[in-house]
Structures are given as C-alpha cells and as structure tokens.
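Enquirer: Could you put together the complete structure from these sequences and hints?
Protein chains in written order, with the working numbering: chain A, 38 to 549; chain B, 11 to 173.
Be aware that a few hints might be false.
One side only, chain B facing chain A, incomplete, derived with CB under 10 angstroms [claimed, not checked]:
{"no.": "1", "residue": "T12"}
{"no.": "2", "residue": "P13"}
{"no.": "3", "residue": "I17"}
{"no.": "4", "residue": "V29"}
{"no.": "5", "residue": "V36"}
{"no.": "6", "residue": "H52"}
{"no.": "7", "residue": "T63"}
{"no.": "8", "residue": "R64"}
{"no.": "9", "residue": "V76"}
{"no.": "10", "residue": "G89"}
{"no.": "11", "residue": "R143"}
{"no.": "12", "residue": "L167"}
{"no.": "13", "residue": "E171"}
{"no.": "14", "residue": "G172"}
Just a sample of chain B residues kept apart from chain A, beta carbon distances all over 10 angstroms, derived [as the list claims (entries may be wrong)]:
{"no.": "15", "residue": "Q104"}
{"no.": "16", "residue": "A119"}
{"no.": "17", "residue": "R156"}
For the record, the hints were derived by calculation from the structure and aren't laboratory data.
Even glycine gets a Cβ: it sits at the ideal position worked out from N, Cα and C.
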Amino acid sequence: MDGAVVKARREMFRRVLVANRGEIALRVIRACREMGIESVAVYSEADARSPHVAAADQAILIGPPPAAQSYLDIARLVEVARGAQCDAVHPGYGFLAENPAFAHACADAGLTFVGPSAAVIALLGSKTAARDAARAAGLPIVPGEKPPRQTNAAIKECALRIGLPVLLKAAAGGGGKGMRLVADQSDLDEAIDAARREATAAFGDGTLYIERALKEPRHVEIQVFGDSHGHAVHLFERDCSVQRRHQKVIEESPSPALSPSLRDRMGGAARSLVQSVGYRNAGTVEFLLEGTGDNATFYFLEMNTRLQVEHPVTEAVTGVDLVRAQLLEASGMPLPWTETELSLRGHAIECRVYAEDPAQDFIPQAGRLLCYREPRLPGIRIDSGVVEGGEVSVYYDPLLAKLIATGETRQVAIDRAIAALRQYPVLGIRTNVSFLVSVLSDHRFRDGRVHTQFLDREAAAIIATEEQLPVPDEAFAVAAAATGRQSHTGDAPTATVHRAPDPWVTLEGWRQ
Amino acid sequence: MTPGRFIVEHRQETRTVEVSSRGEVVVEGREAPLSVTAIDDHAYQVDADSRRTRVFAAAAGETREVFVDGRVFRFDVVGANDRRRAAAGGHGDQPMAPMPGTVVKLLVAVGEHVERGQILLKLEAMKMELPIRASHAGTIAAVHCREGELVQAGARLLDIEGP
Numbered sequence: 038m039d040g041a042v043v044k045a046r047r048e049m050f051r052r053v054l055v056a057n058r059g060e061i062a063l064r065v066i067r068a069c070r071e072m073g074i075e076s077v078a079v080y081s082e083a084d085a086r087s088p089h090v091a092a093a094d095q096a097i098l099i100g101p102p103p104a105a106q107s108y109l110d111i112a113r114l115v116e117v118a119r120g121a122q123c124d125a126v127h128p129g130y131g132f133l134a135e136n137p138a139f140a141h142a143c144a145d146a147g148l149t150f151v152g153p154s155a156a157v158i159a160l161l162g163s164k165t166a167a168r169d170a171a172r173a174a175g176l177p178i179v180p181g182e183k184p185p186r187q188t189n190a191a192i193k194e195c196a197l198r199i200g201l202p203v204l205l206k207a208a209a210g211g212g213g214k215g216m217r218l219v220a221d222q223s224d225l226d227e228a229i230d231a232a233r234r235e236a237t238a239a240f241g242d243g244t245l246y247i248e249r250a251l252k253e254p255r256h257v258e259i260q261v262f263g264d265s266h267g268h269a270v271h272l273f274e275r276d277c278s279v280q281r282r283h284q285k286v287i288e289e290s291p292s293p294a295l296s297p298s299l300r301d302r303m304g305g306a307a308r309s310l311v312q313s314v315g316y317r318n319a320g321t322v323e324f325l326l327e328g329t330g331d332n333a334t335f336y337f338l339e340m341n342t343r344l345q346v347e348h349p350v351t352e353a354v355t356g357v358d359l360v361r362a363q364l365l366e367a368s369g370m371p372l373p374w375t376e377t378e379l380s381l382r383g384h385a386i387e388c389r390v391y392a393e394d395p396a397q398d399f400i401p402q403a404g405r406l407l408c409y410r411e412p413r414l415p416g417i418r419i420d421s422g423v424v425e426g427g428e429v430s431v432y433y434d435p436l437l438a439k440l441i442a443t444g445e446t447r448q449v450a451i452d453r454a455i456a457a458l459r460q461y462p463v464l465g466i467r468t469n470v471s472f473l474v475s476v477l478s479d480h481r482f483r484d485g486r487v488h489t490q491f492l493d494r495e496a497a498a499i500i501a502t503e504e505q506l507p508v509p510d511e512a513f514a515v516a517a518a519a520t521g522r523q524s525h526t527g528d529a530p531t532a533t534v535h536r537a538p539d540p541w542v543t544l545e546g547w548r549q
Numbered sequence: 011m012t013p014g015r016f017i018v019e020h021r022q023e024t025r026t027v028e029v030s031s032r033g034e035v036v037v038e039g040r041e042a043p044l045s046v047t048a049i050d051d052h053a054y055q056v057d058a059d060s061r062r063t064r065v066f067a068a069a070a071g072e073t074r075e076v077f078v079d080g081r082v083f084r085f086d087v088v089g090a091n092d093r094r095r096a097a098a099g100g101h102g103d104q105p106m107a108p109m110p111g112t113v114v115k116l117l118v119a120v121g122e123h124v125e126r127g128q129i130l131l132k133l134e135a136m137k138m139e140l141p142i143r144a145s146h147a148g149t150i151a152a153v154h155c156r157e158g159e160l161v162q163a164g165a166r167l168l169d170i171e172g173p
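Expert: If you want it as structure tokens, here you go:
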C-alpha cells in the first residue's frame, strides 16, 4: 500500500455505497447522513419505491428482482460504486456481507469495504477453519466434523459416531439455512436430503457439517470490535435463544443466564479470537451455553464477520453507535471507545416483526401493506424498511421491522415491548405481531428459562392458546362500521362522522 | 358512518351488528352500544363503557381485516339485506400456493386418503421449504401440479374431496 492510499484512508469517506436494501440500508444511510457522508443506495426493479431509495442522496437501479441478478451481483455493484465515485462500500448484513469475493473485488477496485479483510472473512466463513482458529485462540468447541465423503451413508455414519442428537449444517454458510436437528436415526436420510437441498439453494454448495447437539442450550453471542491499530474490545452479550428453526425471533441484552464472571470469561474469549485473527471492524462471536450461572459451559459456534440484525440491542444497553463506529474504523481511525469505557446499563429486547403467518407454519407473506403504523412510546426504537401502502415482495427476507424496547430492568423492557406491539397495526399482510406478544407474555420467557428449542417445541401450543382467546366486541363493531363507511365507493364519509385531528397519526413518519 | 345492519362472521362465530349514523354500534350479545369514531382511512376510536380502544381496519379483497390490541381478525361482512352470502367453504378449503414457489416434493397421489394437517407437498420459496397441509380430511381427487414446477401465488395445487 503506498503513502497516498494510507493518507486517504485516514480521512473520513466522502461517499459510501450502501450495498443492501430494507431496514439495514436505511440504518446505514442515516448514519452516513449524521456523519456528513453522502450515501448511494442501490435497488432492484422490485424495490424502486422502497424507503431506502428515497432516503439516500442518490439511488441506482442495479437489476431485476431476483437477488442473484441484483443485490448479489458483485461486478454490477462494484461498477456502480466506481461510477458513482464512492470511496467505500457498506454491505449491511445478508446478501454479500460475508462474501470474501465481494470484499476482495471492492479492495481491487480501490473501494474500502466496511468490514474485515477478505482473508479474515474467508477464514471465519469456513466452519472448519473458523473452529480451528477458535481452538487455537483457546475457545471451547462443540464436537463435530465435516465428512470428507458427502454420501448419505458417510454422513449417517459420521452422525452416529458423534452421537445423536446431531445438527446437520450447511458447511458454506449460516443463518439457519440448511440446518436440521436430528434426534432419531430413522429421520437421518430425509434430513440429510433436505439440508443438502437447502444448502445448495442458499449457498450453491451442499456440503454438510455434522455437530453434536447440546441439551437445551442457549444462544449467547458477544459483540466484538477490532481496529487496524491493534485494539480489540467486546461489547457484552446478546441472548438470542428465542429462535424458530434457527432463525432468531427475539434477542436481548443482558442475557438472563449469565453471571458477571461468566460474562467476563465469554467476553474475554471472544476478544482473544478477535486479537488472534487480527479482526477489524464489527463482528459477533456466537456461543452455545449449556446450563446457567457460574456452572454453565460455553462452546464456540461461529463468528459472524459483519453487523448483526440485532445490533440495536447492544446499542441500547451500551449507548454506542455501532454503524458510526464501523465507518470510523473502516476509514482508518482507532476505535472510539476502550474496553474500560464500555458498560452495560439497563435491559433491551428486540422483537423481529416478520411478514409471515404463524398459523400456517410461519409461511412468508407478500402483498401490499394496507395499513402500517409504528408505535411511538418511551423506550421504543423501531428500525424498519417499509411504509404504509408499500409492497412486500416475495424476493427477499420477510423481515419488516425490528422493535427494540429498553428499560431499567428486564421486566420493564418486556412490558414496554408488549405495550408497543399492541399498538403496532399491520394490515394487508399477515405478521407475527400477536405471536410476539404471546411469547413475551409466556411465563417461561418472563422467567428467563428459554433455550434454542423452546419455540420449535412450544410455538404450536402458544398459537393454539392465542386462537382460543375471544374476539373483542370492538373488532366486530369496527368490521361493520368500516364496511358501512366504504360500501358506497366514492362517497365521502357522512357528515356525522367525527374526524378528530390526531397528532399520533398525523406525525407518523413515512407516508406514501 | 353509513347506517345499516351487517352480518359479521369470524370463523365459527357470527354476529349481527347494527351501525347508526351517529357511530353508535350495537353488537349482538352485548347490551350497551359501542361508540365508533373514524380518525382517518384506517384508524377508529372505540368507546365501550369506560374503556377507549384504538382500532384499525382495512379491506383486503372480500375480507375485512381489523387490528385490536396486537391481534388481527379477519371478518366476512355482508349487509343483513344483502342476498349474497359470505363465501364459506367451497374452493377456499382446497390447498393453494400461499406464494410463488417451486414444488420440490409431491407427497400424495390421486385416490389417496389424507388426514387433516397431513403434509401434501413441499414448496420451496425464499430459499425455504414450506409444507402445504390438508385443511380437512378427504380423498385426493386431482393433482394440479408436478415436482419441479414453478407455481404462482393462489394457484390451486390439489383437490381434496369429501371427508
């Protein structure tokens, strides 16, 4: 690297390409705006009217709706970034965020990739290499292996050697795609086929990794940050045990299962991995936790080399801005905080609002958001990528929004999240809002006694209980009143309809 | 508010609801009327006894969706004098594709008996496998798709006849 490049990297970026869509694109665009950096959004034909397109300083069409021809098109994104004279690229999460080829292509084109180096992404992106790196850094590992021969017979033999129950995982990626828990030998064949099929569809690589499944483990991850000056810090934990088929649904910090000494040990372990691989920028070290309190055992699961969906939880309890820190670090500056300056205060819970139908196996939903109103309440932050009247397409992740509730205690945060969800109408598309309320209200969640299999076992019962609840009279009344109001199309509401100006409604953010 | 009498159906529950021009709404089975005030296109304020509730509504095709207190209810509403009855049963019970996707596995054949809740086929959409289940028990009368086929949202996949 020559002197001119080093000098340029120490100055803050002038223009950043945001290589993503939805709520995370908006999150990055807003951070750029706050820091006086111009933002360039990209969009597919399906997203021409999406909020992130309107929010950026400029927006460039990159291709047709399928992600492979738009948000995953490395050559196109690099070309657009160069054409728009960007000096950096923020990948968000998902899509190309953990793709070493993309980080590499950016670097080759003279663009700063906001994240770790391509070599580190490649190292930690490979399950086997990541485990070796973690083991070398002194982190405990769950027993597992990648069968060299990937036939069903070889995989079965490996699973039985490790001992059931096992987890089948896509060797090439994360995010729960292609993952299967198998407890019974007779289910192995079907699970192997399904996992391989999903892994191939999601990552273009059907190679499977087999791992011993822990007994009712919790998913506890540590937010970490490193910089190019050799600094490494951890920003405490997030407990993401409320998952459905390995997709996180509710995340919180601090974890109800961690004692202060365990927190120190896990944080220290995560930090030592950051140091030993020379990790730069934001990352997350995921662990599985068996047991609670000082007697709990933790195992390295994987490291995510990007900003997480649930990063606002950490922001809420530490008071830092992780996206701002990412941009500062990527521009060559040292981390804005030291380990001793970081502290954990209060409690935060994130609920992921998905376009899905809990009553039908959580099938993703698509369509128009006929009514979409975000609640405004104390201690509530909502990061969303949709607006009333907007379309939710079938092409991308069904995440509509993240609702983050903060309070001085866990109980206050839970109560706030419930209150906010009860004032969060989404109509036109089925969502998991009421399901989230039910889970937050469940005594096992309130008592902090859930583990990663909790939802897979209990979701059906939680939904069935909810469906037994009576339909309120108010619902019947408005169903009829609204019909009467709109049955004569074209008619203005009659004079007797009282229209009250309502700041709660009129001050609502995005309206199309 | 346009006054009128409506038959409001939610799954197994049907109630007659009378709306007055003043926004007074009488719901069958409830003594005291509720007072409904329209706030905007979708928002309503409902006063019942001493309780005030903010309710939201939208028309999604034939269905009236109503949001109250974190829950969404889907109603079929018809005027009490309207001869057209709310669509009940019929084709609505047949398995349909909830979204565009590829049929990755067809698990039943014509003539086969299926139980309610049984997985009939698997669709792949958004890189996920979606099981399509029987909404009622019966016999497979026809199969309208094949493995590997890309089906559109709302496409009828199979016919299930009788119990």
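Enquirer: Each hint should be assessed against the structure and marked as holding or not.
Expert: Hint by hint, here is what the structure shows:
For B:T12, the interface hint holds, the least distance from its beta-carbon to any beta-carbon of chain A being 4 angstroms, beneath 10 angstroms. A distance limit of 10 angstroms between C-beta atoms decides the matter here; for B:P13 the minimum to chain A is near 7 angstroms, and the interface restraint holds. Proximity of B:I17 to chain A holds as hinted, the smallest CB-CB distance being about 9 angstroms (cut-off 10 angstroms). Evaluation of the B:V29 hint against chain A yields a held restraint, the C-beta minimum of about 5 angstroms falling below 10 angstroms.
A hinted interface residue such as B:V36 counts as satisfied when its beta carbon comes closer than 10 angstroms to some beta carbon of chain A; here the least separation is about 9 angstroms, so the hint holds. For B:H52, the shortest C-beta to C-beta distance to chain A is roughly 4 angstroms, which falls under 10 angstroms, so the interface hint holds. Of the supplied interface hints, the one on B:T63 holds, with its beta-carbon coming within about 5 angstroms of a beta-carbon of chain A, less than 10 angstroms. Using the Cβ-Cβ criterion of 10 angstroms, the hint placing B:R64 at the interface with chain A is satisfied: the shortest such distance is roughly 7 angstroms.
The beta carbon of B:V76 is positioned within 10 angstroms of a beta carbon in chain A (closest approach about 5 angstroms), and the interface hint is therefore held. Annotation: interface hint on B:G89 holds; nearest CB of chain A at approximately 7 angstroms, less than 10 angstroms. Contact between B:R143 and chain A, as hinted, is supported at the beta carbon level, the nearest pair being about 8 angstroms apart and thus within 10 angstroms. Nearest Cβ of chain A to the Cβ of B:L167: about 13 angstroms, over the 10 angstroms cut. The hint is violated.
The criterion of a C-beta within 10 angstroms of any C-beta in chain A is not met by B:E171, whose closest approach is roughly 22 angstroms, and the hint is violated. Checking B:G172 against chain A: minimum C-beta separation of about 23 angstroms lies over 10 angstroms; hint violated. With a least beta-carbon separation of about 15 angstroms from chain A, B:Q104 lies farther than 10 angstroms from that chain, consistent with its non-interface assignment. Its beta-carbon lying about 19 angstroms from the closest one in chain A, B:A119 satisfies the requirement of being farther than 10 angstroms from that chain.
Under the 10 angstroms C-beta cut-off, the non-interface status given to B:R156 relative to chain A holds; the minimum distance is some 17 angstroms.
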